[in-house]
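Quick note, the sequences are listed as chains D and C, same order. Going by the working numbering, the first residue of the first sequence is number 1, and it counts up by one from there. Going by the working numbering, the first residue of the second sequence is number 1, and it counts up by one from there.
Rather than coming from a laboratory, the hints here were simulated on the basis of the structure. Only a predicted model underlies this, so the values are computations on that prediction, with no experimental measurement involved. Don't be surprised by glycine CBs; every beta carbon is placed ideally from N, CA and C. Some hints could be false.
Okay, the calculated bits of chain D under chain C, using three or more residues with CB under 8 Å as the criterion [said to hold, decoys possible]: (1) 15-28; (2) 77-91.
Below, a list of computed lysine-lysine pairs in the DSS-like style, where the Cα atoms sit at most 27 Å apart [said to hold, decoys possible]: (3) K91/D with K112/C; (4) K16/C with K112/D; (5) K112/C with K145/D; (6) K91/C with K34/C; (7) K72/D with K34/C.
2 protein chains.
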Amino acid sequence: MSDTIEAPVVDQQFLKTLVSLIRAEDTYGAWEGKSDDVLLRPFVLTKEERRLIPIIGDPDPDTITRVEQFYKAIGLTIEKRTRLMATPIMKMSHEGFGRMVLLTGRLVVLSKHIRDVHRFGFPSVEAVSQDGAKLVDEALALIEKHRDVAEL
Amino acid sequence: MSDTIEAPVVDQQFLKTLVSLIRAEDTYGAWEGKSDDVLLRPFVLTKEERRLIPIIGDPDPDTITRVEQFYKAIGLTIEKRTRLMATPIMKMSHEGFGRMVLLTGRLVVLSKHIRDVHRFGFPSVEAVSQDGAKLVDEALALIEKHRDVAEL
Chain D
1 MSDTIEAPVV DQQFLKTLVS LIRAEDTYGA WEGKSDDVLL RPFVLTKEER
51 RLIPIIGDPD PDTITRVEQF YKAIGLTIEK RTRLMATPIM KMSHEGFGRM
101 VLLTGRLVVL SKHIRDVHRF GFPSVEAVSQ DGAKLVDEAL ALIEKHRDVA
151 EL
Chain C
1 MSDTIEAPVV DQQFLKTLVS LIRAEDTYGA WEGKSDDVLL RPFVLTKEER
51 RLIPIIGDPD PDTITRVEQF YKAIGLTIEK RTRLMATPIM KMSHEGFGRM
101 VLLTGRLVVL SKHIRDVHRF GFPSVEAVSQ DGAKLVDEAL ALIEKHRDVA
151 EL
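I would like the entire structure built from these sequences, with the hints used as guidance.
Given below as structure tokens:
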């Protein structure tokens, strides 16, 4: 797809980091033969799939893991590009809403309120990549602007 | 005690805020007749009491509540003095260590690593007040210095 070829460096770097995080948890080598697209498939939710997921009850632990992987990958990409650590802290209620922040020094480089975590997902793999890269870019701009605070 | 009379404004303000937070949870009026010192007593742990608390197993939920009240009181005191909100986020493992941060805008105004939360406590009520006020002062100094980030 021309999309993939034209995708900016950050997109590629973010997606690669996310895939490597997923593969890092593959202790038994079960996913070795699987392509990146197959591994990223659980991050994709079509509109119909979304609608079928109830938002009552505790969110699926696998979904929480994916939320954590997504933001951890953002943190690691920030780290690769700035050499400054970006630590995620998530506060999540049992009802599926909460807040995710990424902290670099004394700077909050990312702050997201999360709702309906039960339905966490993206319309396509390209969207995973683009949304992730967008958040990385915003964080990088903030670090650029307030580097003194990020280095505290 | 001359300590109390000479205590700076922030000390008094912090302790008052903490007490009001504790009283706010007194839904049935059971603590109405109790003095502030009595309410603050659970925050005080003597060396001997400390030693008697095992640090294995889940921390006592009442202890976690006190940790949250202590840092919430810091956040509220910051808010009273700067008119900027300071939101606490705590990440705590079952083993009793974790991290507490207070965020004001995009500024991390307080960042504490917490260990052995099972044994959270202070040698005296004065120490509760002084330690709290010290953390408030540090946060205020940081906000003063990076007000643009705190207001983001």
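Okay, the hints, checked on the actual structure:
no., hint, in the structure
1, 15-28, "violated (count 0)"
2, 77-91, "holds (count 3)"
3, K91/D with K112/C, "holds, 16 Å"
4, K16/C with K112/D, "violated, 32 Å"
5, K112/C with K145/D, "holds, 25 Å"
6, K91/C with K34/C, "violated, 32 Å"
7, K72/D with K34/C, "violated, 47 Å"
When each numbered hint is compared with the structure, violations occur for hints 1, 4, 6, 7.
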